[in-house]
Amino acid sequence: MNVDVEFHIRHNYAWTKLPGNVKQSLGNSQREYERMVVSYSIRNQLRYRNNLVRHIKKDERRYYEDLLRYSREHLLLYPYHLSDIIVKGLRVSPFAYYTSMMEDIMSNERSYDSLPNFTAADCLRLLGIGRNQYIDLMNQCRSSKKFFRRRPVRELLPAKAVEVTIEPWWVVQASFITEDDVKICSNPEKAAIDKIIDTGPQLAGSLDYNVVHRLYSRGFFFLDVPISDDDCIVVPPLEGFVMNRLQGDYFETLLYKIFVSIDEHTNVMELANVLEIELSLVKNAVSLYCRLGIAHKKGNQLNVESLHLSWMDAPLVNRLKSAMDPQKMLLGWEGDASHSASDADTASQEELDSSSVNSLPLAGSLSTVMHTKRIAFLFDSTLTAFLMMGNLSPNLKSHAVTMFEVGKLSDESLDSFLLELEKVNTTGEGEAQRYFDHALTLRNTILFLRHNPDLAPDPDAHPGGLALDLLRSESLLGLDPGTCSRVLNKNYALLVSMAPLSNEIRPVSSCTPQHVGPAIPEVSSIWFKLYVYHITGQGPPSLLLSKGTRLRKLPTMFQGYERLLITSWGHDPGVVSTSNVLMTLNDALTHSAVLVQANGTLIDGDVVYIPFPFDDTEEHLEFSRENMASHPAIRALRAHLDLSHACGFVELVSPLGRAQKSRDIDRDISSVISGFESPADSGSADSFEMVVPEIESTDRNSPYRASDICTPKVPSRDPAPVCPEDWVPLEVCFGIPLFDAELNRRVCEKVARHKLCRKERLDKLLHTSRKLSLQLLDFIVRLQDPSFFASGTAVAPSIPALGEHGVPLPAVNLAFIDGRLSPWQGKLLHSVDLPAHMDHLTIPEP
Numbered sequence: 001m002n003v004d005v006e007f008h009i010r011h012n013y014a015w016t017k018l019p020g021n022v023k024q025s026l027g028n029s030q031r032e033y034e035r036m037v038v039s040y041s042i043r044n045q046l047r048y049r050n051n052l053v054r055h056i057k058k059d060e061r062r063y064y065e066d067l068l069r070y071s072r073e074h075l076l077l078y079p080y081h082l083s084d085i086i087v088k089g090l091r092v093s094p095f096a097y098y099t100s101m102m103e104d105i106m107s108n109e110r111s112y113d114s115l116p117n118f119t120a121a122d123c124l125r126l127l128g129i130g131r132n133q134y135i136d137l138m139n140q141c142r143s144s145k146k147f148f149r150r151r152p153v154r155e156l157l158p159a160k161a162v163e164v165t166i167e168p169w170w171v172v173q174a175s176f177i178t179e180d181d182v183k184i185c186s187n188p189e190k191a192a193i194d195k196i197i198d199t200g201p202q203l204a205g206s207l208d209y210n211v212v213h214r215l216y217s218r219g220f221f222f223l224d225v226p227i228s229d230d231d232c233i234v235v236p237p238l239e240g241f242v243m244n245r246l247q248g249d250y251f252e253t254l255l256y257k258i259f260v261s262i263d264e265h266t267n268v269m270e271l272a273n274v275l276e277i278e279l280s281l282v283k284n285a286v287s288l289y290c291r292l293g294i295a296h297k298k299g300n301q302l303n304v305e306s307l308h309l310s311w312m313d314a315p316l317v318n319r320l321k322s323a324m325d326p327q328k329m330l331l332g333w334e335g336d337a338s339h340s341a342s343d344a345d346t347a348s349q350e351e352l353d354s355s356s357v358n359s360l361p362l363a364g365s366l367s368t369v370m371h372t373k374r375i376a377f378l379f380d381s382t383l384t385a386f387l388m389m390g391n392l393s394p395n396l397k398s399h400a401v402t403m404f405e406v407g408k409l410s411d412e413s414l415d416s417f418l419l420e421l422e423k424v425n426t427t428g429e430g431e432a433q434r435y436f437d438h439a440l441t442l443r444n445t446i447l448f449l450r451h452n453p454d455l456a457p458d459p460d461a462h463p464g465g466l467a468l469d470l471l472r473s474e475s476l477l478g479l480d481p482g483t484c485s486r487v488l489n490k491n492y493a494l495l496v497s498m499a500p501l502s503n504e505i506r507p508v509s510s511c512t513p514q515h516v517g518p519a520i521p522e523v524s525s526i527w528f529k530l531y532v533y534h535i536t537g538q539g540p541p542s543l544l545l546s547k548g549t550r551l552r553k554l555p556t557m558f559q560g561y562e563r564l565l566i567t568s569w570g571h572d573p574g575v576v577s578t579s580n581v582l583m584t585l586n587d588a589l590t591h592s593a594v595l596v597q598a599n600g601t602l603i604d605g606d607v608v609y610i611p612f613p614f615d616d617t618e619e620h621l622e623f624s625r626e627n628m629a630s631h632p633a634i635r636a637l638r639a640h641l642d643l644s645h646a647c648g649f650v651e652l653v654s655p656l657g658r659a660q661k662s663r664d665i666d667r668d669i670s671s672v673i674s675g676f677e678s679p680a681d682s683g684s685a686d687s688f689e690m691v692v693p694e695i696e697s698t699d700r701n702s703p704y705r706a707s708d709i710c711t712p713k714v715p716s717r718d719p720a721p722v723c724p725e726d727w728v729p730l731e732v733c734f735g736i737p738l739f740d741a742e743l744n745r746r747v748c749e750k751v752a753r754h755k756l757c758r759k760e761r762l763d764k765l766l767h768t769s770r771k772l773s774l775q776l777l778d779f780i781v782r783l784q785d786p787s788f789f790a791s792g793t794a795v796a797p798s799i800p801a802l803g804e805h806g807v808p809l810p811a812v813n814l815a816f817i818d819g820r821l822s823p824w825q826g827k828l829l830h831s832v833d834l835p836a837h838m839d840h841l842t843i844p845e846p
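Residue numbers 1 to 846, in the UniProt record's numbering, belong to the letters of the sequence shown in order.
Everything labelled a hint here was simulated from the structure, so no lab data went into it.
Bear in mind the structure is a predicted one, so any value in this text is a computation, not a measurement.
In this text, a Cβ means the ideal position worked out from N, Cα and C, and glycines have one as well.
A portion of the hints provided could be inaccurate.
Distance windows between CB atoms, simulated [what the hints assert, rightly or not]:
| hint | residue 1 | residue 2 | range |
| --- | --- | --- | --- |
| 1 | 395 | 616 | 30 to 38 Å |
| 2 | 16 | 217 | 30 to 38 Å |
| 3 | 89 | 6 | 44 to 52 Å |
Using 30 Å as the maximum straight-line C-alpha spacing, the simulated DSSO-like pairs for lysine-lysine come out as follows [to be verified]:
| hint | residue 1 | residue 2 |
| --- | --- | --- |
| 4 | 373 | 759 |
| 5 | 58 | 17 |
| 6 | 553 | 490 |
| 7 | 160 | 195 |
| 8 | 88 | 57 |
| 9 | 183 | 490 |
| 10 | 17 | 88 |
| 11 | 88 | 183 |
| 12 | 17 | 373 |
| 13 | 195 | 183 |
| 14 | 160 | 88 |
| 15 | 373 | 750 |
| 16 | 771 | 750 |
| 17 | 160 | 183 |
| 18 | 23 | 57 |
| 19 | 490 | 373 |
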């Protein structure tokens, strides 16, 4: 649906009020507009009253029936915000809704994974049917076919809802109750029904605990979870969250946007303002979090002494009592918090008269520590894959699921997260070692960022250092750029990226708060590799092929190599044998640009990682394996790039060496986890055959070699002399690496020693990042224009096509060989001298 059309529907524009261009986009058809109004209203579960649909669809009951049918068929969450209509008017409870949904998918023999994440979580809460139970039910259903009579699916499903958690601050309302319903009720149950009918909705805590549960399970009561403007919400590590799939409907999209943006220091109204989302929608989302047990309120607590006596024996009353501990409140460990029932006037219950709700006395407010901005450590889904796959510790998975699904692990949860990381073994077998290494290195990084006062831009204001949140980059990118900027500016003083971030995501670009990581997405792209090779005059033989190119034979520059490093546009690299690379390359080139690089002769290339910022003494020492920072390529990088105000590492490769790192290959591991999308899953053909040598132990004490190097078994021999000519730069990565413990330690040491996060150093970083960004973008534009290679000057270059992450796609095939970057059409064409220094780009000092 056209975005402009949706905007006008959302804001109740009648056909006569539409601008002319919008009418024209609809073919000047009022009927088409009305059809789209009804479709939009049903898809977004809009209330009939006060919305445009009421002027088009005159039968209100029929509208809600259509809405409910659409929601069930498309596996949407039950529309709790319409409970007063759906339950009272249509007599369809959440239990009945999900029972019908489960019956539909089982009858059609669809897999459990067809249920979207939140829908699956609600089905588990109400029906008690999770993945294992669903598989068992399907097996029972299929086995009944053997006896010539298939057992009806409905007979296999539960007859009533499982007992659910009901919080005392939730609001109880009466469903459609007939006289026959009342006849089967006990006297206490009748008294509760009469009280609600006579005086209006009641707080659950004011009624008998057992009566509330019995009447709810029979469908005589339904529950509203009231959220007020000034409520603050805590999202603890997820327990038992169902990781199935994403559907992309309006409410699911909203839930994930709020997940990564919410924090316990921002109330609901402030959150709605930051996200620029209608307040009622934010309340609906937060209400659902609380209903599912994903989140709870923070702040004022119900006075447990004012609860009905029956609640004193309820399991959750212990949570309420523990929540009154002031120390735990300050640390953000409290249990479910509550506000008075006067806060019950939410969008999920527009007709609710909040004055009729009997409020319970509240405990006194507790003072809290003033909220200050934090450090955000940006990671990608590769890290969560490692934390999930290794069975590293008993409770680590819940934190990893939170990092992936919520997109954030806040400082308040890091103490328990660190305790789990401490339980991880230091040694493992085979693939498990990689998982252990990443977990342990992550722990060290958290401790470094969290407790180093030098990392605060103003150490005097934060003598103990800043609090730290872990943020998943993909979740931030789910926000539009303006919203993402507002969320980051509100909560964070500094952003620090994991290095390297996956090529499959667009790195966050930020001037405020400042970012220790890639300055712009192009710095994490193939273009930056070519830029590094150009300014140093060194690099492995490399060929960048534009989309649509077709190869008849392997280019001569790769003759003599048995291994190639293949990087399709916007994806991570993989190692491919030259014996079967041609068909794979041509297939990938039909839908993507591809970078091909030499990576070894009979065996794969050796790699080393050199951390920066560099110390002045490193440049003047004699070149050796222990001091590769004096390599000529490193000196050239230092001359052209400011690496003294940034952190990261330079990766040098010896294409004729004897070992091959496996860090680039590791990223494909995430594709085997439910809920993670791999290139193959998204319809891409960018998967290559990975050639991984057998693993042999490596020198783990080496200050530069990666701890996860895969080494082929070769006869033992004395190490060959190390010569600068044997090594060339492969890439430069900005941020803090997690894939190697020793490299991580050295980078962190350099960050602290050079005081990179002090304000004056960050100001320098901002200036040099802008300069690098402009130089790189100018470099890309020059390479995109074929006329530049003919004349040496670019005249009115055309706007390049943009890839998935907004990075320009190559328009010309380019080859880097023998220290020069040139166009390539099956052979090297005339080359030109690209300016290494962009002196015409002048940027004022900050």
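The hints, checked one at a time:
no.: 1; hint: 395 - 616: 30 to 38 Å; result: violated, 46 Å
no.: 2; hint: 16 - 217: 30 to 38 Å; result: violated, 50 Å
no.: 3; hint: 89 - 6: 44 to 52 Å; result: violated, 27 Å
no.: 4; hint: 373 - 759; result: holds, 15 Å
no.: 5; hint: 58 - 17; result: holds, 20 Å
no.: 6; hint: 553 - 490; result: violated, 55 Å
no.: 7; hint: 160 - 195; result: holds, 25 Å
no.: 8; hint: 88 - 57; result: holds, 21 Å
no.: 9; hint: 183 - 490; result: violated, 56 Å
no.: 10; hint: 17 - 88; result: violated, 35 Å
no.: 11; hint: 88 - 183; result: holds, 19 Å
no.: 12; hint: 17 - 373; result: violated, 45 Å
no.: 13; hint: 195 - 183; result: holds, 16 Å
no.: 14; hint: 160 - 88; result: holds, 19 Å
no.: 15; hint: 373 - 750; result: holds, 24 Å
no.: 16; hint: 771 - 750; result: holds, 23 Å
no.: 17; hint: 160 - 183; result: holds, 19 Å
no.: 18; hint: 23 - 57; result: holds, 20 Å
no.: 19; hint: 490 - 373; result: holds, 7 Å
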